[in-house]
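Given the structure of chain A, go ahead and fit chain B onto it with the hints provided.
Chains A and B supply the protein sequences, listed in that same order. Mapping of the first sequence onto this note's numbering: residues 1 to 443, in sequence order. Mapping of the second sequence onto this note's numbering: residues 1 to 443, in sequence order.
Incorrect hints may appear among the rest.
For chains that are exact copies, the list does not tell them apart, and a pair is met inside one copy or across any two.
[What the hints assert, rightly or not] Derived DSS-like pairs (lysine-lysine); straight-line CA-CA distance at most 27 Å:
hint, residue 1, residue 2
1, K230, K321
2, K37, K12
3, K366, K342
4, K172, K298
5, K408, K28
Since the hints were made in silico from the structure, they are not lab data. Values in this document were obtained by computation on a predicted structure and should not be read as measured data.
2 protein chains.
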Amino acid sequence: MKIILLSGGSGKRLWPLSNDARSKQLLKVLCAPGGEKESMIQRIVRQIRETGLTDEIVVAIGAKQRDAIELQLGDEITIVAEPSSRHTFPAIALACSYLAEQGTQADEPIIVVPSDTFTDNSYFQSIREMADAVTRRVADLVLMGIEPTYPSTRYGYILPAEHSGSDPVAVKNFIEKPSAEVAERLIAAGALWNGGVFAFRLGYLMDILQRMMPGADYRTLRANYEAMPKSSFDYAVVEKSESIAAVVYRGRWKDIGTWNSLTEELSERVHGNVKSEACDDTYIINELEIPLVCLGGKNMVVAASPDGILVTERGLSENLKHLVDGLGKRPMYETRRWGEYKVIDSVEYPDGYCALTKRLTLQPGKNISYQRHNCRTEVWTFLSGQGEIVLNGRRSPVNRGDVFTIPKGMLHGLRAITPLTFIEVQSGTNLVEEDIERFDFEW
Amino acid sequence: MKIILLSGGSGKRLWPLSNDARSKQLLKVLCAPGGEKESMIQRIVRQIRETGLTDEIVVAIGAKQRDAIELQLGDEITIVAEPSSRHTFPAIALACSYLAEQGTQADEPIIVVPSDTFTDNSYFQSIREMADAVTRRVADLVLMGIEPTYPSTRYGYILPAEHSGSDPVAVKNFIEKPSAEVAERLIAAGALWNGGVFAFRLGYLMDILQRMMPGADYRTLRANYEAMPKSSFDYAVVEKSESIAAVVYRGRWKDIGTWNSLTEELSERVHGNVKSEACDDTYIINELEIPLVCLGGKNMVVAASPDGILVTERGLSENLKHLVDGLGKRPMYETRRWGEYKVIDSVEYPDGYCALTKRLTLQPGKNISYQRHNCRTEVWTFLSGQGEIVLNGRRSPVNRGDVFTIPKGMLHGLRAITPLTFIEVQSGTNLVEEDIERFDFEW
Numbered sequence: 001m002k003i004i005l006l007s008g009g010s011g012k013r014l015w016p017l018s019n020d021a022r023s024k025q026l027l028k029v030l031c032a033p034g035g036e037k038e039s040m041i042q043r044i045v046r047q048i049r050e051t052g053l054t055d056e057i058v059v060a061i062g063a064k065q066r067d068a069i070e071l072q073l074g075d076e077i078t079i080v081a082e083p084s085s086r087h088t089f090p091a092i093a094l095a096c097s098y099l100a101e102q103g104t105q106a107d108e109p110i111i112v113v114p115s116d117t118f119t120d121n122s123y124f125q126s127i128r129e130m131a132d133a134v135t136r137r138v139a140d141l142v143l144m145g146i147e148p149t150y151p152s153t154r155y156g157y158i159l160p161a162e163h164s165g166s167d168p169v170a171v172k173n174f175i176e177k178p179s180a181e182v183a184e185r186l187i188a189a190g191a192l193w194n195g196g197v198f199a200f201r202l203g204y205l206m207d208i209l210q211r212m213m214p215g216a217d218y219r220t221l222r223a224n225y226e227a228m229p230k231s232s233f234d235y236a237v238v239e240k241s242e243s244i245a246a247v248v249y250r251g252r253w254k255d256i257g258t259w260n261s262l263t264e265e266l267s268e269r270v271h272g273n274v275k276s277e278a279c280d281d282t283y284i285i286n287e288l289e290i291p292l293v294c295l296g297g298k299n300m301v302v303a304a305s306p307d308g309i310l311v312t313e314r315g316l317s318e319n320l321k322h323l324v325d326g327l328g329k330r331p332m333y334e335t336r337r338w339g340e341y342k343v344i345d346s347v348e349y350p351d352g353y354c355a356l357t358k359r360l361t362l363q364p365g366k367n368i369s370y371q372r373h374n375c376r377t378e379v380w381t382f383l384s385g386q387g388e389i390v391l392n393g394r395r396s397p398v399n400r401g402d403v404f405t406i407p408k409g410m411l412h413g414l415r416a417i418t419p420l421t422f423i424e425v426q427s428g429t430n431l432v433e434e435d436i437e438r439f440d441f442e443w
Numbered sequence: 001m002k003i004i005l006l007s008g009g010s011g012k013r014l015w016p017l018s019n020d021a022r023s024k025q026l027l028k029v030l031c032a033p034g035g036e037k038e039s040m041i042q043r044i045v046r047q048i049r050e051t052g053l054t055d056e057i058v059v060a061i062g063a064k065q066r067d068a069i070e071l072q073l074g075d076e077i078t079i080v081a082e083p084s085s086r087h088t089f090p091a092i093a094l095a096c097s098y099l100a101e102q103g104t105q106a107d108e109p110i111i112v113v114p115s116d117t118f119t120d121n122s123y124f125q126s127i128r129e130m131a132d133a134v135t136r137r138v139a140d141l142v143l144m145g146i147e148p149t150y151p152s153t154r155y156g157y158i159l160p161a162e163h164s165g166s167d168p169v170a171v172k173n174f175i176e177k178p179s180a181e182v183a184e185r186l187i188a189a190g191a192l193w194n195g196g197v198f199a200f201r202l203g204y205l206m207d208i209l210q211r212m213m214p215g216a217d218y219r220t221l222r223a224n225y226e227a228m229p230k231s232s233f234d235y236a237v238v239e240k241s242e243s244i245a246a247v248v249y250r251g252r253w254k255d256i257g258t259w260n261s262l263t264e265e266l267s268e269r270v271h272g273n274v275k276s277e278a279c280d281d282t283y284i285i286n287e288l289e290i291p292l293v294c295l296g297g298k299n300m301v302v303a304a305s306p307d308g309i310l311v312t313e314r315g316l317s318e319n320l321k322h323l324v325d326g327l328g329k330r331p332m333y334e335t336r337r338w339g340e341y342k343v344i345d346s347v348e349y350p351d352g353y354c355a356l357t358k359r360l361t362l363q364p365g366k367n368i369s370y371q372r373h374n375c376r377t378e379v380w381t382f383l384s385g386q387g388e389i390v391l392n393g394r395r396s397p398v399n400r401g402d403v404f405t406i407p408k409g410m411l412h413g414l415r416a417i418t419p420l421t422f423i424e425v426q427s428g429t430n431l432v433e434e435d436i437e438r439f440d441f442e443w
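For reference, chain A alone in the conformation it holds in the complex:
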């Protein structure tokens, strides 16, 4: 059995903590058994290992998440990053073609698991049953049907075929996000929530991919990724399949998609530099250094990050997405393979000239790539740590108090020996991450 852990999405619903580079499943706000904090994806990887399901996990992710995922999951997990964002079917197809290229047999059961669900360990027992059902060829496609706890209007429903008493059950049809009234009738008729977990033989998916893009293997799919239609796995595979079964899961299950659902699982009510009094069932998370004071408030969520500040009633947090769509053109905080940065100031002048000031920290032994920019100048003021800087091929040590001006076109690289913190003032006419040319360098 191989597991493809899906990690994508912009996570607008958990703004301002989540952004394009830090999806909700990467927020370290859950409580791990040892008392430490862990993210949703770390929790699921830990659970997969604890239940002995498999060590062969491939994480299928959006391109912008690579650094953050690597930092959280370490080197033992294989990451297959989308070259660009094209929805779940292309991402799963890319991960499958990677597995095929690595020698996985066509009969091997593949399980696609979302990374933003909160479950107990019995969930992974159901996943094992799904893999067994695939091996036994019960159906081409085996889903997980979650026993509903209330007539939700936010989920898709799986309606089992009548007289389908066995587990796995045969699937009659799907109903997407019904009204509460319809949901009640569906539940009475034995319908299940669609948990977004899919199991199939590798060969089944590779055949679908071959029909769509003849001759496609991992390399050609990567190279022609833009040619793939932007379609969901549900649309491209599930809805077209004629042989579907579902394993029923009756344990704890929750998709942590909104502030309301996340807060129920938070390790603490208050995170960061917060003072509060007379707050009733209110959760406060402050990632900024300035203090956040909360006096009163009932059933609220207050969250502050370099991307923005949110004050919401918990029950209304589902409506957040449309309010934050279009806010913030760029992430103001990112963890990267070399460390992290946050934007501390940003100005744009009417003539198009911009300035962006960041505080960056490089972890020991890590480096940023040897690079140059065509449209911006950078000024680095070092606050702490030791490292080595390379400017147009010349190496120098860097220490606290050093200042370097890096004009447009100058090749520069930086490596940390101890944790290295500096302030960077970028200025120029086009301050985008894409204004970067990377070069090889032997540190």
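Relative to chain A, chain B alone:
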């Protein structure tokens, strides 16, 4: 008649918009007649002028407020700044001795007016009556008694003498912040709120000062200001006076001391980069550049500034002070005579080394003083505007993109020709405003 406008206090109750350098009376959040925004102190000065009361206003302020007050009130107002903070009696005595030095006669009525009350113009008619009462020698000290609108426990009460039917009324005694029950009985007995407005002849106060510090004039009082006891005008003068009358004011009166009272007078419900939905009777002020999103919430105040973030129920905002006492060692935003700055980042390392990053803007024609620091290095990166820099006596033009490193001990000054914006990274072992030596320089 001369008016001493009292402007002091740290304004913790309107945190995070107010700080030691920006008291609540300096917040430009009220609506001026032309639709522009004005601060409480600007409103009172405008009202004094509109009602033709006097043009001779002396503003008695704390030392840290000078630049901000000058920017708001312009050159036509005389400012007497306390050398250090010593409560209301020393501040009023200093302003009186300044008036005496300027040739004001001992018989001249002086009116002390607080700068954080919100009133209509008839208030100034009552002030005129107070001055008349002083001139007619009705009493040594004439107060303003506000007709109470509810049994407040937050104000002091003035109890008129029995059978004192005339206006001004004779004062029998004072009751400080009574219980609600006592307040009700006081109101039934005809008591008035003490509005903190005091009228007296200049000579009356100068005599008290002479008894306290024989021979004191403006210069010696300034020079020996630290020797003055920290006492309130109420304690040092009002409680000891044997001849007190009160003019009754029946118009609109409010002290804008809490978020709850301020919000009722705000020009708009939302200020700054805010998106809101389903908010009920909620006020949102965002002085940060990052977006603030508010979804739901009833009777709340949400305020964000470089000093911090506040989320409070309006009815609880009176309890704010003790929560924010001790927060933030330094103001993160200040307006100064030369322009303004905000702190965008601040780090302190375990070994005592600190870094503070600011964005500053100098107004055209203004300069920061020619100065040097003993404990910190500054790195300036210019983002916009033209100006002139002086480093150890050498002048150079400055333009967008220029970078200057100013090590400890280097003399430096800066003057703006057009609005001049730059990022300053300060670093060193003692980042306090006091680490500054100023030198004369002929621009």
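Among all the numbered hints in the text so far, which are the ones the structure does not match?
-> 4, 5
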